[in-house]
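Hey, can you work out the whole structure from these sequences and the hints?
What follows is the residue order along each chain.
Number of protein chains: 4
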Amino acid sequence: MQDFSVTITPRFYETDALGHINNASIAAWFEVSRIRFLEPLGQDGLAGARDWILASLQIDFVAETFYGTDVIASITGAKIGNSSLTVVCEMTQGDQLTARGKAVLVNMDRQTKKPARVPDSLREKLAAR
Amino acid sequence: MQDFSVTITPRFYETDALGHINNASIAAWFEVSRIRFLEPLGQDGLAGARDWILASLQIDFVAETFYGTDVIASITGAKIGNSSLTVVCEMTQGDQLTARGKAVLVNMDRQTKKPARVPDSLREKLAAR
Amino acid sequence: MQDFSVTITPRFYETDALGHINNASIAAWFEVSRIRFLEPLGQDGLAGARDWILASLQIDFVAETFYGTDVIASITGAKIGNSSLTVVCEMTQGDQLTARGKAVLVNMDRQTKKPARVPDSLREKLAAR
Amino acid sequence: MQDFSVTITPRFYETDALGHINNASIAAWFEVSRIRFLEPLGQDGLAGARDWILASLQIDFVAETFYGTDVIASITGAKIGNSSLTVVCEMTQGDQLTARGKAVLVNMDRQTKKPARVPDSLREKLAAR
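Residue numbers (our numbering), protein chains in the order written: chain G, 1 to 129; chain A, 1 to 129; chain X, 1 to 129; chain Y, 1 to 129.
Among the clues, some could well be false.
A pair holds if it fits inside one copy or across any two, identical chains being indistinguishable in the list.
[Unchecked claim] Derived DSBU-like pairs (lysine-lysine); straight-line CA-CA distance at most 35 Å:
no.: 1; residue 1: K79; residue 2: K125
no.: 2; residue 1: K79; residue 2: K113
no.: 3; residue 1: K114; residue 2: K125
In case anyone wonders, no lab produced these hints; they're calculated from the structure.
See below:
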C-alpha cells in the first residue's frame with residue numbers, strides 16, 4: 001500500500017482550555033483523513049460518503065497535539081471484509097506520534113440502505129494501492 | 001413580544017487555549033437560539049430550517065464567556081420585512097451580558113429556491129408573541 | 001452505581017449532509033457526559049479536567065442519531081485502576097440505543113504532569129455512587 | 001496591501017443537513033484566516049492571540065458554500081485605529097464570492113488586560129504590507 005496522508009493545520013478554535021487540541025477535534029480529523037482516502041477510490045465526496053456508514057471508531061491519544069505545527073494524518077492500513085472496510089490512521093506532529101486510530105466502515109446499498117458486499121471495483125482499486 | 005430564551009450549558013471542548021469560550025462556538029449558539037425560536041412558529045426542525053437562509057450575522061462580543069456557568073440566550077427582537085426576518089439575540093452569563101447579535105434570515109420558496117414573501121401565517125404567529 | 005445521565009439536545013449545526021448527526025459531534029458529546037460525570041466527584045470543571053487526560057476512546061455507532069429529539073447520554077460504568085479510570089457511556093434517542101462508548105482516562109499529578117495513583121478520596125466517592 | 005489568503009478545504013463534518021457548509025463553520029474559518037494573517041506580523045500563534053480580543057464580527061453570507069471545492073479566504077483590508085484593528089475578509093469558492101466579513105479586534109495589554117494602543121512595531125509591519 002502506498003502512502004496516503006493529509007496535512008492538517010491545527011486551528012486555534014480546536015484548542016481547549018488545557019492549551020492543547022481537544023480530543024473531539026482529533027476525532028473529527030480522523031474523518032477528514034478517512035474521507036479523503038476514500039474519495040480517489042471513486043467514492044467521490046458527498047456521493048461516496050453516502051455509501052459508507054461509520055460503525056465504530058477507536059482512538060489512542062498517544063501524546064498531546066498542539067497549535068502551531070502541522071499534523072500529518074496517514075492512512076497506514078485498509079482491510080476489506082465482506083461488507084466492511086477497516087481503515088487505520090496514524091497522526092504525527094513533528095517527530096511525535098500523537099494519535100493512532102481505527103475506523104470500521106460498513107458499505108451500504110444506496111437503494112436498500114442495508115449493508116452490502118464491498119463491490120469488486122473498489123476491492124481492485126484498494127489492492128492496487 | 002414574550003420572552004423566549006434557551007439555556008446553553010457551555011461544553012468543555014468549546015473553550016479555547018485562551019481559557020474562555022471561543023467566538024466560533026458563540027456564533028454557533030446564536031444558531032441554536034435562532035432555530036429553536038423559529039421551531040414553535042410552525043417551522044418544525046429540519047423542514048423549517050430549509051425555508052430560511054441566513055443572509056447576515058452580526059455579533060458584538062461584550063464580555064468573555066467562561067466554562068462552568070450556564071448562558072441564557074434570549075431572543076429580544078424579531079422584525080419581519082417583506083421576505084426577511086431579523087432576529088436579535090442577547091446572551092448573558094450570570095449578571096453579565098456577554099454577547100449581542102443580529103441575524104437576518106431570508107424566507108425561501110421551497111420550489112423556486114428564491115426569496116419569497118414571509119407567509120401571513122408566520123406573520124400572525126410572530127405578532128401574537 | 002446510581003444512574004447518571006446528561007440530556008443533550010442535538011443542534012442543527014451538528015447534522016451533516018447525510019441528514020443525521022455527524023460522528024464527530026457524537027464523540028464530542030461523550031466528552032460532555034464524561035466531564036459532567038466527573039465534576040460532582042469533586043473534580044470541578046476546568047480545574048478537575050486538568051487532572052485527567054484522555055488516553056483512549058472507543059465508540060460503537062449502533063444507529064443513526066437525528067436532529068429533533070433529545071439524546072440521553074448515560075454513564076453505565078466507571079472502573080478505577082491504579083492511575084486510570086474507565087468510563088462507559090451509552091446514548092439513546094427515544095427507544096433506540098444509538099451509541100455505546102468507552103473512555104480510558106489517566107489521572108495526572110498536577111505538579112509532575114505524570115500519571116499518578118487515583119486518590120483515595122475519589123475512589124471512595126465513586127464507590128459510594 | 002499585498003494579497004494574503006488562506007486555502008480552506010471544506011471538511012465533511014462542516015456540512016449540515018441542508019447539504020451545504022453550515023454558517024457556524026464559516027464563522028470559524030474567519031478566525032482561521034484572521035489569526036494566520038496576524039501571525040507573520042510577529043503575533044506568533046497562541047502568544048499573539050492572547051494580545052487581541054475579538055470585539056465584533058459581521059458576516060454577509062453571499063452564496064452557499066459546498067463540500068468538495070477549496071475555499072480561498074482572502075484578507076482584503078486591515079485598518080488600524082488607536083487600540084483596534086479592523087480586518088476585512090472575503091471568501092470565494094471557484095468563481096463565486098460566498099462570504100464577506102469584518103472583524104474588529106482590540107489590542108490588549110498583557111499585564112493590565114485592558115485595551116492598549118496598537119504598538120508602532122505592528123503599525124509599521126502592517127503599513128509595509
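Okay, the hints, checked on the actual structure:
1. K79 - K125: Answer is within: at 12 Å inside a copy they meet the 35 Å cutoff, but 44 Å across does not.
2. K79 - K113: Within one copy, since 22 Å is at most 35 Å while 38 Å is not.
3. K114 - K125: within (23 Å within a copy, 42 Å between copies)
Of the hints listed earlier, there is not a single one the structure fails to meet.
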